[in-house]
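*Asks:* Chains A and B supply the protein sequences, listed in that same order.
Quick note on numbering: the working numbering labels position 78 of the first sequence as 112, and the sequence is numbered without any gaps.
Quick note on numbering: the working numbering labels position 16 of the second sequence as 50, and the sequence is numbered without any gaps.
Hints in this document: simulated from the structure, not taken from any laboratory.
Treat the hints with care, as some may be off.
You can't tell identical chains apart in this list, so a pair holds if it fits in one copy or across any two.
In silico SDA-like links for lysine to any residue, alpha-carbon gap of 20 angstroms or less [said to hold, decoys possible]: (1) Lys93 with Arg69; (2) Lys188 with Ala249; (3) Lys93 with Glu68; (4) Lys140 with Arg64; (5) Lys93 with Glu160; (6) Lys188 with Leu235; (7) Lys188 with Arg227; (8) Lys188 with Gly240; (9) Lys93 with Val81; (10) Lys188 with Arg248.
Number of protein chains: 2
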Amino acid sequence: MTPTPEWSATPKGEATASRILDVALDQFSRLGFERVTLGGIAQAAAVSQPTLHYHFQDKAHLWRSAMLALAAVIAEEERLMDAARDMPAIVQLRMAMRLFLQISWKHPALGRIVALEGMAGGERLEWLDRHLIGPRNRRLAQIVREAIAAGDLKPFPPEQLVITLQAAAAGVINLAPLLRAGFGVDPEAPAARAAHDDMILEAVLGGFLTEKSRATREQTT
Amino acid sequence: MTPTPEWSATPKGEATASRILDVALDQFSRLGFERVTLGGIAQAAAVSQPTLHYHFQDKAHLWRSAMLALAAVIAEEERLMDAARDMPAIVQLRMAMRLFLQISWKHPALGRIVALEGMAGGERLEWLDRHLIGPRNRRLAQIVREAIAAGDLKPFPPEQLVITLQAAAAGVINLAPLLRAGFGVDPEAPAARAAHDDMILEAVLGGFLTEKSRATREQTT
DNA sequence: AGATTTCCTGATTTCATAGTCAGGAACCGG
DNA sequence: CCGGTTCCTGACTATGAAATCAGGAAATCT
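Given these sequences and hints, build the entire structure.
*Replies:* Here you go:
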């Protein structure tokens, strides 16, 4: 009766479904929901368009299924952060930024999706907030609050601070096409990646540190 | 024969055309080209849908016309930057950031458009690079290069540095819906705006300054 | 091998939206 | 008051993309 759950749990056509999800995630994150056509995804995944409807009921389900692939990434991040729960807030924040950069390079779709839907608002943003980025952001804001209280971070509004850190860290990654078009630079080249990570941790995060914290920075590898 | 140029130059229906452009710019910048429907714009502008075709041939023309409204903003910015051409690069950069923040608050569409099309790539990004943001970005990169050479900025890749500064500065502004959904915070409230501007200039830009430059910062109002 | 389920497709329908067109109203200049 | 232009609209067409469905191939089981 019910041919397919949200994530196709059947062991057989799993390869096809996963291939579709990969393509879908990439396209949705670059172009946004409406710009993407099922025909386009089908073609890139080398299947027919109705196959998408077989594995995922409709476009909205496909979108959510693709997002759930990212949920696993977030969950893993959370696990690592949890392990560091007892360290000073500023150390946790630095670690969070390192993880954020790592994830952003490995799964650039996440940052793009957040940017896309975070600007547009609407129900997809609500969904993302509930299932993907909301808890993580609020946890980060809490860490920032503690780091400020400890005198390690300059006292700016924690929510804005968190979003600004993320926007700065993901900017160059998300806007890779712009860098290519405008500067002829490829930010995904290994050297550029390393320079970027340095820049974010050293200059951007560094800029938020208090003098006090700056002095004792060596603790935080 | 030719009823309408790119920007309707006729003095009569100018009010209507300008109303349409306002709505179009807002919607295009929030949702991106494909998500926007002419019917939606027409409704918001209180005209019929064919009216859009009367003033602007088709959707692509309307998009470009809407973007040209931003070109005036960029031109004015450029004029102000030109006036400061002989000041030290680091002072120019600080001024550029102030201007960027001002413009971003006043015309949030600009940052959103850049983010949207900068992630997607394609011909619209090419157009934007040529007509709107390319020259500005390259000029900024040049200023950064000079500021690094003068020992005022930490030596990170100028292109990435410029984009990161802008991404950080525009992040909270572009992602206002995300802040509302995730934190219940309104970044457009006057207090939040002031805090944000401080944060960008003090922490983010500050983080890129060398120790040397940091010491003599008072010159730069 | 035969039966059954899983997986996928071609053909078709439905629907939203971009774009067209003929005509009408409002606003002129004489 | 009247011809002409500018501005706008309702009704229509065309197109592209989402969704449906019957059917067939391929795998799996007995």
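*Asks:* Is the C-alpha distance from Lys188 to Ala249 at most 20 angstroms within one copy, between copies, in both cases, or in neither?
*Replies:* both (14 angstroms within a copy, 18 angstroms between copies)
*Asks:* Classify it for me, Lys188 with Arg248: is the Cα-Cα distance of at most 20 angstroms met within a copy, between copies, both or neither?
*Replies:* both (11 angstroms within a copy, 16 angstroms between copies)
*Asks:* For Lys93 and Glu160, with the copy left unspecified, which applies at a CA distance of at most 20 angstroms: within, between, both, or neither?
*Replies:* within (17 angstroms within a copy, 29 angstroms between copies)
*Asks:* Have a look at Lys93 and Arg69 and pick one of within, between, both or neither, based on CA distance no larger than 20 angstroms.
*Replies:* both (12 angstroms within a copy, 15 angstroms between copies)
*Asks:* Within a copy, between copies, both or neither: which one fits Lys188 and Arg227 at a CA-CA cutoff of 20 angstroms?
*Replies:* between (27 angstroms within a copy, 17 angstroms between copies)
*Asks:* Since the copies are identical, ignore which copy is meant and state whether Lys93 and Val81 lie within 20 angstroms (CA to CA) inside a copy, between copies, both or neither.
*Replies:* Only inside one copy: Lys93 and Val81 sit 16 angstroms apart there, 32 angstroms across copies, limit 20 angstroms.
*Asks:* For the identical chains here, do Lys93 and Glu68 meet the 20 angstroms Cα criterion within one copy, between copies, both, or neither?
*Replies:* both (10 angstroms within a copy, 16 angstroms between copies)
*Asks:* Within a copy, between copies, both or neither: which one fits Lys140 and Arg64 at a CA-CA cutoff of 20 angstroms?
*Replies:* within (15 angstroms within a copy, 27 angstroms between copies)
*Asks:* Have a look at Lys188 and Leu235 and pick one of within, between, both or neither, based on CA distance no larger than 20 angstroms.
*Replies:* both (16 angstroms within a copy, 13 angstroms between copies)
*Asks:* Up to 20 angstroms between alpha-carbons, please classify Lys188 paired with Gly240: within, between, both or neither.
*Replies:* both (10 angstroms within a copy, 12 angstroms between copies)
Of the numbered hints listed earlier, not one is contradicted by the structure.
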